[in-house]
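Using the sequences and the accompanying hints, generate a full structural model.
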Amino acid sequence: MKTNRLFHLFLPLLIWLLSSCSDNNLSTFSGYAQGKFTYISANSSGTLAELNVKPGEFVKKDQSLFILEPYPENTELSAAKARVQQAQDERSKAEAALQLQKKLYARNQLLYRKGVLSKEELEQTTKEYQSAVSSQQAAAANLLAVEAQLKKANWATSQKIVKAPVEGLVFDTYFSPFEKVGEGKPILALLTQNALRIIFYVPEPVLSKLKLQQRVDVYTSGRSDPIAARISYISPREEYTPPIIFSEQEREKLVFRVEALPDTQPIPLHPGQPLTVKLLERATES
Numbered sequence: 001m002k003t004n005r006l007f008h009l010f011l012p013l014l015i016w017l018l019s020s021c022s023d024n025n026l027s028t029f030s031g032y033a034q035g036k037f038t039y040i041s042a043n044s045s046g047t048l049a050e051l052n053v054k055p056g057e058f059v060k061k062d063q064s065l066f067i068l069e070p071y072p073e074n075t076e077l078s079a080a081k082a083r084v085q086q087a088q089d090e091r092s093k094a095e096a097a098l099q100l101q102k103k104l105y106a107r108n109q110l111l112y113r114k115g116v117l118s119k120e121e122l123e124q125t126t127k128e129y130q131s132a133v134s135s136q137q138a139a140a141a142n143l144l145a146v147e148a149q150l151k152k153a154n155w156a157t158s159q160k161i162v163k164a165p166v167e168g169l170v171f172d173t174y175f176s177p178f179e180k181v182g183e184g185k186p187i188l189a190l191l192t193q194n195a196l197r198i199i200f201y202v203p204e205p206v207l208s209k210l211k212l213q214q215r216v217d218v219y220t221s222g223r224s225d226p227i228a229a230r231i232s233y234i235s236p237r238e239e240y241t242p243p244i245i246f247s248e249q250e251r252e253k254l255v256f257r258v259e260a261l262p263d264t265q266p267i268p269l270h271p272g273q274p275l276t277v278k279l280l281e282r283a284t285e286s
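Just so we're aligned: the sequence shown equals residues 1 to 286 in my numbering.
Be aware that a few hints might be false.
Unchecked claim - Derived EDC-like pairs: lysine to aspartate or glutamate, alpha-carbon spacing no greater than 16 Å straight-line:
hint, residue 1, residue 2
1, Lys54, Glu167
2, Lys152, Glu73
3, Lys209, Glu281
4, Lys180, Glu69
5, Lys81, Glu147
6, Lys102, Glu128
7, Lys160, Glu50
8, Lys253, Glu239
Derived from the structure by calculation, the hints contain no laboratory data.
In structure tokens form, the structure reads like this:
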């Protein structure tokens with residue numbers, strides 16, 4: 001009788017504890033941080049002359065990241081500058097010659113009207129003036145062409161100096177100075193601001209409790225306060241629990257991928273860092 005009374009006395013407490021454990025299993029999940037990297041490469045192949053950053057360094061937009069040896073681009077740049085200088089000289093001479101022929105043409109027209117100059121002499125002056133006009137136009141066109149070549153050579157040379165397109169953290173580098181790098185081959189990876197997201201997986205029964213922008217708390221070892229985040233993506237397809245969060249109990253489960261974005265960035269997390277994600281009640285979402 002005493003045993004029965006104790007059983008009935010503690011039965012509500014036992015039911016509450018079991019219910020709490022069940023609710024906790026459906027509101028707390030294992031996850032990890034995932035980074036969206038910006039891979040920085042060069043537009044041409046060459047030898048890495050300078051690597052101006054190292055992993056773990058924060059860089060600002062337009063900060064120099066690395067420099068490739070400028071050969072043969074610097075040779076073409078020097079040649080293009082020389083061609084521009086020569087074309088400028090030729091245009092100046094052509095313009096001076098045109099001004100002279102213009103004055104002669106005007107003078108000879110006047111002399112012809114006065115009867116001092118013959119028609120043949122005027123025609124010769126006219127031909128020389130027209131030739132000077134054509135020469136000036138050709139010199140001007142040639143200058144425009146070589147200036148375009150210089151602009152192209154400047155651009156090609158500038159591509160050897162690669163700057164940060166955005167500010168962010170240098171996550172890793174893949175080459176060292178004096179190594180050969182291929183065109184389009186990543187030389188380093190940047191972890192930009194607002195690029196970290198939280199990944200976790202939930203079983204099918206939990207889907208009905210989720211919606212976009214729902215709040216979650218994210219916990220990590222070494223940090224007592226949770227990181228506030230909101231659900232940004234809920235996968236429509238189920239999959240097996242990925243190896244990164246395998247456990248004996250979960251490895252055979254079919255789950256759905258959920259992503260959450262932290263409310264504030266940057267956050268003290270690293271890509272691949274294990275996390276615990278706790279769902280919050282919908283009443284506390286706002």
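Right, here's what the structure says about each hint:
1. For a cut-off of 16 Å, the pair hint linking lysine 54 to glutamate 167 stands: about 14 Å separates their Cα positions.
2. Pair hint lysine 152 plus glutamate 73 holds up; C-alpha atoms about 10 Å apart against a cutoff of 16 Å.
3. Using a Cα cut-off of 16 Å, the hinted pair lysine 209 and glutamate 281 holds, with the two alpha carbons roughly 9 Å apart.
4. Of the pairs offered as hints, the one joining lysine 180 and glutamate 69 holds, with about 10 Å between alpha carbons and a cut-off of 16 Å not exceeded.
5. Using a Cα cut-off of 16 Å, the hinted pair lysine 81 and glutamate 147 holds, with the two alpha carbons roughly 8 Å apart.
6. This hinted pair checks out: lysine 102 and glutamate 128 have alpha carbons roughly 9 Å apart, not beyond 16 Å.
7. With a C-alpha separation of about 10 Å, the suggested pair lysine 160 and glutamate 50 falls inside the 16 Å cut-off, and the hint holds.
8. Proposed proximity of lysine 253 and glutamate 239 is supported: the alpha carbons are some 8 Å apart, at most 16 Å.
When the structure is compared with the earlier hints, no violation turns up for any of them.
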